Amino acid sequence: MALLTDLTDEQLLTQALAGDEDAFTVLYRRRQGPIFRFALHMSGSSHIAEEVTQEVFMFLVQRGRDFDAERGALAAYLFGVARNYVRRALEKNYPEHVLGSPVEDEAAALTVECDPTEGIARRQTSTAIWKAVLSLPEHYREVVVLCDLQELSYADAAQAAGCAIGTIRSRLHRAHDMLSKKLRHSAAVAPGISKVAARCVS
Amino acid sequence: MTCREFKHSAASLTLWELSRAQSEDEQIQTHAEQCEGCSGWLQNQRTVAASLHALQAQTAGMQAGPGVERALLRAFRQTTTENAPPPVVARVSAPTAFRLSHFFEIGAYVALAAAIIVSVFLGVRLLQHSSRTVPVQSGITPASTRPLMQKPAVAAPEDSSKLASSVTPERVTSAVRSRSQRSGSDTAATAALQTVAAEEAQSDADSDYVALMFCDPLSCSSDSQVVRMELPANGAGQNSQPAVADLVVGYDGVVRAVRIVN
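Protein sequence lines correspond, in order, to chains F and E.
Remember, this note's numbering sits 726 above the position in the first sequence when you count from 1.
Anchor point for the second sequence: position 94 equals 77 in this note's numbering, and the numbering is continuous, going up by one each time.
Some hints here could point you the wrong way.
[Said to hold, decoys possible] Simulated pairs of lysine-lysine, DSS-like, Cα-Cα distance not exceeding 25 Å:
id: 1; chain 1: F; residue 1: Lys908; chain 2: E; residue 2: Lys(-10)
id: 2; chain 1: F; residue 1: Lys818; chain 2: E; residue 2: Lys(-10)
id: 3; chain 1: F; residue 1: Lys857; chain 2: F; residue 2: Lys818
id: 4; chain 1: F; residue 1: Lys857; chain 2: F; residue 2: Lys907
id: 5; chain 1: F; residue 1: Lys857; chain 2: F; residue 2: Lys908
Simulated from the structure, these hints should not be mistaken for lab results.
Computed from a predicted structure; not experimentally measured.
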């Protein structure tokens, strides 16, 4: 197992497709977190995120031979697959999971209590930020999640989203402007958002 | 640096690069200090970055539950087992056995279908054959000829064959004529005899006739007539009474069946 952790994603995939269960386990543990969080940020539901994560790796087991390392990194390939599964899941469950109470529940569960006195304000902040992200149109939301939250490079994000790098840049620029407006509106409603966010960062 | 150049340069930086208090790009920083609009825009970008950073930090530890890994490993084992090459013996023998069983299965179906077709064909042929014989029998005893029938006397088989061979059209004509003359004088006696004889003769009339030719449906299904005729007695050692026979004559004048009455 110690040797397997030194291998690249592509090498692990090759071994996993040859039937090496340990290689598959290492690959899964390395990549499941980002895939899960991508799906979580895109859908706002941990249930959908788990479902998508499972489907992405099932896809990798069944059709991993279709992956071409010359066309990009395995991580970006997995994000691309996850993106498609998230879309399908949102088409099925959109009214139930997005912008509904589950988002607030997830935000409440994720809130890090830096200061107990600020618990309520922080919860409001988390909910407001997440709602702002989730309220973005899908193609803007995915570039924000990929580039800002998952910190993918523009090239990898372009591979995952299946578009040009310039498109990613312009969408990201537009998405930031939209987010800024939404957060300003939220700040007007709940004035502590910017302050709390800044404190959490620091 | 103009505001347009500022936006263009800022767009090439990531949100995290922009959010740093001291931007690496000094020109951007300098312009933001001088331009109030661009400074506000930069401030908004930093707020967005801080918010997203907060969200990112909060969700950093999130990952799929252990149930997902277990389910995936189970599926992985199943998939690798399914994709594993089968044993060599199975690879050689299984397809052959399958092919053989498949062959026999198809053969059985073909044999069954052939048996059904043959039985249907034979059934049809049997029905056709029986339908050919029925018109001859019905033509033997038409309603118009029944009064002429009499209960047949016991006829020796050897005599019937001889009589049948001696039937000629001339004799048929004379027999009809003599029969009409005789019927004029014995009307009362004949009528009583005919009434009783017709009922009894109807039951076994069919069985007494002997077919003289093979009938095809076109000719034998048409109307026929029964003609009673007297056949000349065979002189040698026999009594002088002539033999009486019923002949079934078709519309074409050909005798189709014969019955020895007396």
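Item checked: 25 Å Cα cutoff - pair Lys908 (chain F), Lys(-10) (chain E) -> It holds: about 20 Å lies between the C-alpha atoms, which stays within 25 Å.
Checklist line | Given pair status - Lys908 (chain F), Lys857 (chain F), alpha carbons within 25 Å | finding: 9 Å, holds
Checklist line | Given pair status - Lys907 (chain F), Lys857 (chain F), alpha carbons within 25 Å | finding: Distance of about 13 Å is within 25 Å: holds.
Next item on the list: Below or equal to 25 Å on CA atoms is what counts here, so check Lys818 (chain F) against Lys(-10) (chain E).
Entry: 39 Å, violated
Next item on the list: Could you grab the alpha-carbon distance between Lys857 (chain F) and Lys818 (chain F) and see if it respects the 25 Å cut-off?
Entry: 20 Å, holds
In the structure shown, a violation is registered for the earlier hint numbered 2 alone.
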